[in-house]
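Visitor: Listed below are the residues making up each chain.
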Amino acid sequence: MTDFRPNTADDVLETVQWAVSEETPLEIVGHGSKRGIGQPLQTEHALDLSTLTGITLYEPEELVLSAKAGTPLADIEAALREHGQEFAFEPMDYGPLLGGEAGRGTLGGLLAANLAGPRRLKAGAARDHVLGVHAVSGRGESFKSGGRVVKNVTGYDLSKGLAGSWGTLAVATDITMKVLPAAETESTFCIAGLDDAAAAEAMATAMSSSAEVSGAAHLPEGVVGRFIDGGFSGGGRTVLRVEGFGPSVAYRIDLLSRLLGKLGNTETLEDRDSRRLWREIRDCHPFADGSPAPVWRVSVAPSRGPELVDAFRRAAGANVFYDWQGGLVWMRMEADPEAAILRKMIAHLGGGHATLVRAPLALRAAMPVFEPQPAALAALSARLKDQFDPAGILNPGRMAFT
Amino acid sequence: MSGPKMPQANAATLKKRAEIVADMRIIVPGEGVVDTDNEMRAFESDGLTAYRQMPLVVVLPETTAQVSRILKYCHQRNIRVVPRGSGTSLSGGALPLQDAVLLVMSRFNRILDVDYPNRTVVAQPGVTNLGITDAVEHEGFYYAPDPSSQIACSIGGNVAENSGGVHCLKYGLTANNVLGVEMVLVNGDVIRLGGKHLDAEGYDLLGLMTGSEGLLGVVTEVTVRILQKPETARALLIGFPSSEQAGECVAEIIGAGIIPGGMEMMDGPAIRAAEDFVHAGYPLDVEALLIVELDGPQAEVDHLIDRVEAIARENGATTSRASTSDEERAVFWAGRKAAFPAVGRISPDYYCMDGTIPRKQLPRVLAGMRALSEKYGLRVANVFHAGDGNLHPLILYDANRPGELEKAEDFGADILRLCVEVGGVLTGEHGVGVEKRDLMPEMFTESDLNQQIRVKCAFDPNHLLNPGKVFPQLHRCAELGRMHIHRGQVPFPNLERF
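First to last, the sequence lines map onto chains A and B. Just so you know, the numbering used here puts 29 at position 29 of the first sequence, and the rest follows in order with no gaps. Take the position in the second sequence, starting the count at 1, then add 1000; the result is the number in the numbering used here.
Derived by calculation from the structure, the hints in this document are not laboratory data. Values in this document were obtained by computation on a predicted structure and should not be read as measured data. There could be a bad hint or two in this list.
Dumping the calculated PhoX-like pairs for lysine-lysine here, alpha-carbon to alpha-carbon at most 25 Å [as the list claims (entries may be wrong)]:
hint: 1; chain 1: B; residue 1: 1015; chain 2: B; residue 2: 1005
hint: 2; chain 1: A; residue 1: 122; chain 2: B; residue 2: 1170
hint: 3; chain 1: B; residue 1: 1337; chain 2: B; residue 2: 1170
hint: 4; chain 1: B; residue 1: 1407; chain 2: B; residue 2: 1005
hint: 5; chain 1: B; residue 1: 1072; chain 2: B; residue 2: 1016
hint: 6; chain 1: B; residue 1: 1170; chain 2: B; residue 2: 1360
hint: 7; chain 1: A; residue 1: 122; chain 2: B; residue 2: 1229
hint: 8; chain 1: B; residue 1: 1016; chain 2: B; residue 2: 1005
hint: 9; chain 1: B; residue 1: 1360; chain 2: A; residue 2: 144
Given these sequences and hints, build the entire structure.
Guide: Structure (structure tokens):
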């Protein structure tokens, strides 16, 4: 087992070329904070990008930042904070959920996992904010794609192609991202005691209003006590975040209160408390309990979330909460993940996908972690992998279950 | 124009034309196959009208099954296919080929589903961009990307081109607003990418597909997200003695954490042409005009209007007016929206470019353009999506003067080279098509382009879909597939290992 630790993009190129010539696969890793996600890998060597670091360009007025792939996300976020900016897609931190530390992770990992957070429904995911990459394909060839400007349709957007590819297509060495001003302030409007179906309706009403809600989650009674140090009492909470300039936030909270205030007891969390709540929602805090119990991350049409949970619970025991207006369902299983049942129900409810983001190694080896695809789509994905990495050098098998 | 070199026509296909037309009539019965010169004339070019070519045959299918059968048929017989939506491409993306079936998607014109709780619309690809907003406007919703051709351009074409518009900085391009597609691969396979849920379950094929200019597959259904209309919108019309000051103002607005819904800049020649044409009340004694539109809740917009006005004053604005009604706001925009036809009035012909640059490079690029303008002896007017750095220089020329057209093309190519030189790109929203195809090496190395072509190879290994577009040279996939192995070297031997 060798860990290759490159300091330059040329080192990365050389390592991949060597692996190609030796026909030996590489595990592509940054901080390893998401190493537990995906099908288990069997690679003898690792290409560890945590030594390929540094912000290479940051122009706040141009809303653009470039950094080497192994740059810690924490460093980037600190640099952005100094200028009142952020990644608008609110990348989640998988560390605690997977039994690791908080605050780890690299820019390369952010792109490879296509991270997002509660603001996904308004601001998109990493894929929507990546502007360009430099990378080395599994063929051992360097290439670049995209640029450093927001509006660009010159050639194929391979940087989007790398988003969510879990290091199986190419090794990014330098990544350029769009950054945006962070909101001046935020508040969260909370409604107590709604059941899942009523919460879905309330969230849909809020999202369809002109309140410009930037986070819509439902925390049922079974999990609500785990948020903000047990600060919520008296039933589940449906929580709606508004962000922006002070006068605008106050105005929109008032609008939500007029629209939804009659549904139950309400309260408003201000600035710091609101931030904390949404960070906990983002990082799936209730299930970051140090246990290896299986956790599903399910994406469906928002209105279908509660329906799915209702149907699934008839077959299996699961503790759940909802983000993205109900479209992102986090499920902590009591025992067996019941993958086949869950995926059948998702398909029946109009489609979506379920990823088994946490599970013991043996379970992950025995079932598809990522949503299996229909034959024609799976064949196309395999052809794409083959075009980037014909010899199967980069994270082979991490996404595909065979 | 001089005309781009297109792939050599396949003689075998041309010889079998009658048979192909007959077979198309079996797949698409009724009026869906057009093969006379007279009728095909309407399809011989797109929005880039200088390039023209009659297709082999025009086919207008109505169902996904028909599209699948057409592609499968063509795939089996090695016949090329050029997909086309409304034909509004400004880069020749839908330019026909002599030996290719022109697959026109305009009969796919129905909205299939409107879902307010999930804020999505499912539309057939031939529905116009504006048609989506029209379908949901009565409930207070709209579809955000708004290319200036939105009254005519199709949503399928928007996916192919990753179309933009004036609101991109705040609301994103097509890629950020499309949730899913149904599409047909060149072998006839029908696949679905995404849907009403967020993010893909595997590779982001939807991201690759968006902006692929018709080279990867044919979209037969599109799911987009719709947004609640902002409660209100107000615009500021701000004049500056120089484009440098206007550029500074833009940077400071963004530096203050304000992301306007739209932020447009015009230079002196564009201002004067527009004012002469629509009498929008633009100041004529300024060298740069900014239109800043703020949208959102009333309280926010009023708050920000004051802040933006203050920033403008600090940066030397000589005039500033805030709209107080929607009518007044529309007047502010009227000149900008009519900028192209306005320039059309002061010159027999004009050539519209589409580079994007880092905003702070604007003064350098404008100065460079002035120098080029003198060198070529042609005037240029500029409109600029200032928020996102997308520049539309309009080169004024007269096609009736011998050699002037070629001069305009050379001038345009030089402008795009300048954009790339300062860290920008060849095209912000119009696409590469045939127009900028041969400029791609200005921005990409052969290795960069080869990896892009390999994506094409995963979708369409025989290069049957829309050949001659985007890539200056389409290498054969088998050739690109060969691996060059560098044996024996141990990676960076001097480094510590763990």
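Visitor: It remains to establish, for every hint, whether it holds in the given structure.
Guide: To see whether the hints hold, each was checked on the structure:
1. B:1015 to B:1005: holds, 22 Å
2. A:122 to B:1170: Holds, because 11 Å separates the two Cα atoms, which is no more than 25 Å.
3. B:1337 to B:1170: The hint holds at about 19 Å.
4. B:1407 to B:1005: Answer holds: residue 1407 of chain B to residue 1005 of chain B is near 19 Å, not above 25 Å.
5. B:1072 to B:1016: holds, 17 Å
6. B:1170 to B:1360: Distance of about 19 Å is within 25 Å: holds.
7. A:122 to B:1229: The given pair, whose Cα atoms are some 14 Å apart, holds under the 25 Å limit.
8. B:1016 to B:1005: It holds: about 24 Å lies between the C-alpha atoms, which stays within 25 Å.
9. B:1360 to A:144: Holds. Residue 1360 of chain B to residue 144 of chain A sits at ~23 Å (cutoff 25 Å).
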